[in-house]
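Undergrad: Each chain is listed here by its residues.
There are 2 protein chains.
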Amino acid sequence: MPWMAVLRNPDKTAHMSNILENPVLVDVIRHPAVESVHRGRACIVTVTGEVIEAWGDVEAAVYPRSCIKPIQALPFLESGAADAIGASPEQIALACASHSAEAVHLNELVSWLEILGLPMDALACGPHVPNDPAAAADLVRAGIKPTRLHNNCSGKHLAMLSTALHLGEEPGGYETFDHPVQKRARERISELADTDLTNQPVGTDGCNIPTVAMPLTSLARAFARFGTDPGDATARIRAAMAAHPVLIGGTERFDTKITKALGNTVVIKTGAEAVHAAAIPSLGLGIALKIDDGAGRAAEVAIAALLHYLKVIDETTWAALQPVAAPSMYNTAGKAVGQIKTSPNWLPNAG
Amino acid sequence: MPWMAVLRNPDKTAHMSNILENPVLVDVIRHPAVESVHRGRACIVTVTGEVIEAWGDVEAAVYPRSCIKPIQALPFLESGAADAIGASPEQIALACASHSAEAVHLNELVSWLEILGLPMDALACGPHVPNDPAAAADLVRAGIKPTRLHNNCSGKHLAMLSTALHLGEEPGGYETFDHPVQKRARERISELADTDLTNQPVGTDGCNIPTVAMPLTSLARAFARFGTDPGDATARIRAAMAAHPVLIGGTERFDTKITKALGNTVVIKTGAEAVHAAAIPSLGLGIALKIDDGAGRAAEVAIAALLHYLKVIDETTWAALQPVAAPSMYNTAGKAVGQIKTSPNWLPNAG
Numbered sequence: 003m004p005w006m007a008v009l010r011n012p013d014k015t016a017h018m019s020n021i022l023e024n025p026v027l028v029d030v031i032r033h034p035a036v037e038s039v040h041r042g043r044a045c046i047v048t049v050t051g052e053v054i055e056a057w058g059d060v061e062a063a064v065y066p067r068s069c070i071k072p073i074q075a076l077p078f079l080e081s082g083a084a085d086a087i088g089a090s091p092e093q094i095a096l097a098c099a100s101h102s103a104e105a106v107h108l109n110e111l112v113s114w115l116e117i118l119g120l121p122m123d124a125l126a127c128g129p130h131v132p133n134d135p136a137a138a139a140d141l142v143r144a145g146i147k148p149t150r151l152h153n154n155c156s157g158k159h160l161a162m163l164s165t166a167l168h169l170g171e172e173p174g175g176y177e178t179f180d181h182p183v184q185k186r187a188r189e190r191i192s193e194l195a196d197t198d199l200t201n202q203p204v205g206t207d208g209c210n211i212p213t214v215a216m217p218l219t220s221l222a223r224a225f226a227r228f229g230t231d232p233g234d235a236t237a238r239i240r241a242a243m244a245a246h247p248v249l250i251g252g253t254e255r256f257d258t259k260i261t262k263a264l265g266n267t268v269v270i271k272t273g274a275e276a277v278h279a280a281a282i283p284s285l286g287l288g289i290a291l292k293i294d295d296g297a298g299r300a301a302e303v304a305i306a307a308l309l310h311y312l313k314v315i316d317e318t319t320w321a322a323l324q325p326v327a328a329p330s331m332y333n334t335a336g337k338a339v340g341q342i343k344t345s346p347n348w349l350p351n352a353g
Numbered sequence: 003m004p005w006m007a008v009l010r011n012p013d014k015t016a017h018m019s020n021i022l023e024n025p026v027l028v029d030v031i032r033h034p035a036v037e038s039v040h041r042g043r044a045c046i047v048t049v050t051g052e053v054i055e056a057w058g059d060v061e062a063a064v065y066p067r068s069c070i071k072p073i074q075a076l077p078f079l080e081s082g083a084a085d086a087i088g089a090s091p092e093q094i095a096l097a098c099a100s101h102s103a104e105a106v107h108l109n110e111l112v113s114w115l116e117i118l119g120l121p122m123d124a125l126a127c128g129p130h131v132p133n134d135p136a137a138a139a140d141l142v143r144a145g146i147k148p149t150r151l152h153n154n155c156s157g158k159h160l161a162m163l164s165t166a167l168h169l170g171e172e173p174g175g176y177e178t179f180d181h182p183v184q185k186r187a188r189e190r191i192s193e194l195a196d197t198d199l200t201n202q203p204v205g206t207d208g209c210n211i212p213t214v215a216m217p218l219t220s221l222a223r224a225f226a227r228f229g230t231d232p233g234d235a236t237a238r239i240r241a242a243m244a245a246h247p248v249l250i251g252g253t254e255r256f257d258t259k260i261t262k263a264l265g266n267t268v269v270i271k272t273g274a275e276a277v278h279a280a281a282i283p284s285l286g287l288g289i290a291l292k293i294d295d296g297a298g299r300a301a302e303v304a305i306a307a308l309l310h311y312l313k314v315i316d317e318t319t320w321a322a323l324q325p326v327a328a329p330s331m332y333n334t335a336g337k338a339v340g341q342i343k344t345s346p347n348w349l350p351n352a353g
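Protein sequence lines correspond, in order, to chains A and B.
Take 3 as the starting number for the first sequence in our numbering and just add one per residue.
Take 3 as the starting number for the second sequence in our numbering and just add one per residue.
Calculated from the structure, these hints are not laboratory results.
Do not take every clue at face value.
One copy or two, it doesn't matter: identical chains are merged, so the pair holds either way.
To be verified - Heads up, simulated PhoX-like pairs for lysine-lysine below, C-alpha to C-alpha not over 25 Å straight-line:
| no. | residue 1 | residue 2 |
| --- | --- | --- |
| 1 | K147 | K337 |
| 2 | K262 | K313 |
| 3 | K313 | K343 |
| 4 | K262 | K343 |
All values reported here derive from a predicted model rather than from experimental measurement.
Produce the entire structure from the sequences given, and follow the hints as far as they go.
TA: Next up, the structure:
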C-alpha cells in the first residue's frame, strides 16, 4: 500500500500512475503537422468488473473529481431528502451538474436555496466566474459579482445541504471528510465501484469537498453499475440527466451536446483535470478515461471516440457531432488552421 | 526529408517529434498525489549551435509561434521603418509582444495605427477578447466589442505594416507566405537559427501569419545569437523588452514578471501550445522548450526552472518568484489544494 507512506508524510507526493505506459490518445494538428499530443489511459468495464478493453495503466488511481457527481447525488434521493423538498427532475439534474451558471441554472438554484432557508454562505464552495462566456458577460454588465451559486458545483452542494437538513444533521462542515454527508457519498461510491476506498489518497476538490482517488477501472465499473442499477434513485437520476441536458452542463458544453444527441442511451459526466466517464446501460458497460496532462479538450475527443467505437453513436449522429467530437480549430481571423482528433494509432476506425 | 511527403499531401499529417522519448518535466499535484503530468523536450544551446544539455527529442521540429516575435521584429528596425515613424521603445516592445490588451497597451497601439493612417481592417489578425480579465471586463462594461488591436499580436502586425509601407510595398496580403514582409522575417529567423527552413512544415498562426517549423535546437540557437548579436537592431529590441516588461505581456503575465525580476539579463518569450524560449546574453546561451501537450502552465514552470538551473535566477529572486515558478493552486474557497512544479526526476535541485 504505497499510499500509506505518502499519507503519513504530507511533504511527499507520489504518482498515482505509471504514466510511461500510457499511449497517445489525441493529436492536436496545426496543418500540416501534429503540434501537440495528449496521452492517457482509458478502459471499458462491465458491471461485474471485467475489463473488456483497456489502454494504458488503468489500474492506477485517479481523483474522480466531478465525474462522480451522479453517484454522489444518490443519498439525496435515497435519504428521502429530495421528496421531502419536492425536488423536481431539474433539481436532480443540477445535483449532478457541472453547470455553466446560465440563467436557466441560476433560476433553479436560487429558488432551491430559498426552499432550504439557508444563507448563501452555508454553501462550502467558493464563487467563480460562470463557465458560459455570455453568462459571465451578463454579470459584468449588471455589476454583479459571482456568488457561490455561480460555482459549477452549487447544485451538488444544495443537494448535500438538503440531505443534512432532512436527516437532522448539523449542516455546518458538511464538506469535511468525516461529516455524515461525505461518508454516505463515499459509501455509495465504494459500493457501486466495488472498491475499498479506505487507503486511497484524498484530495480537496475545486469546490472544497473531498475527492477520493480510485483505480480508473473502479470508476468505469461504478458507471457500469450506475447505468444498470434497478433502484429507484439511480433510475430517477438517469432520467433527470437525460431529460435536462442543458442543466448538467450548459448551452455550449460537451456533455450537454452528447446527451442531447444520445438521450438516455448514455450517462456522461466530465471532471476537472480531464477525467471523463460514461455509462452505457443497454450494453451494461461503463467507460472511464484520464488524460495524463489534464486537458479537457482531449478528454472530450477521446470519450466521444470511445462511444463511437462501441457503436453507441451511429454514423449519422457521429457526422453531426464532429464539431465537438473532432473539432476544427479556427484562428482569430476565422480560418480553419487545425483540428483535434484521436490519434490514428488509437482506435483507427472510430475516432 | 519526411516532411516533403506530408507537404505534398495536405490530407496527411505527421508527428514532428518522436514524443515517446520525451520525459515528464512538470507535475501537477493535488495533495497528497500527483494528479497530472506534463512531458516535454528542452535544450540549452550555444551561439555556435552546441547543445550543452538536452532532454527529450530536441532535434524534432516545433512551430515557434509567438516565441519568434523578437526576431520577426528585426526587419522593422533594420529596414529603417522604425526610425522613419519615430518608433519609441514602447512600440518596439509591443512589436515583440503577446500583450494582454490592457489600457497601457491599447493607448500605444491606437496611436501607432493613427500614425500609419490605415484603417483597422488593414490588420490581418482577427479580434479576440483581451487576455487580461480586468481589461476584458472593462470592454464588456463599456459595451465595446474587441477589435483587431486587442489581438495579442497586434503590435507585431503594426510593425509588419509599418515596414511594408516604409519600403513602398503593397500592405495588403502582408500576412501571406510569399509577401516580402514574411520573407524578410523568415530570412532573419533562418540566419540567426543557422537553419534552412525551406522544407519545414508551415502552419498558420492564431493571428493569421505563417509559422514555420524548426528544430527545437534551432529555436534555442536563434535565441542564443539574438541575445549576443552586436547589431544595433537586436540591441534596441533587447533594451526595449527589458525596459518595458508590462508591454511584452501584461500585468499578470509570466514573461512580464520574469523580465521585471531579471531585467536585461534575459530575453524571454512565450508562444502558444507551450513553446517557450529565452536568451541569456551573459552566458551566450539560448534555451527553448516545448511541452508535448501544449499546456502553458507547464511551459512557464519548466522555463523558470531552467533559468534557475543555469543560476540566472539567484536564490533570493527564486524565492520571490515562487508564485509563478512553482505556483500553488487554490480552490474556489481559497484553500491551497495543490501545486505545479518541476518533476523531481528532472532538474532535482533546480525546480
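Undergrad: Flag every earlier hint the structure violates by its number, smallest first.
TA: Violated hints: none; all satisfied.
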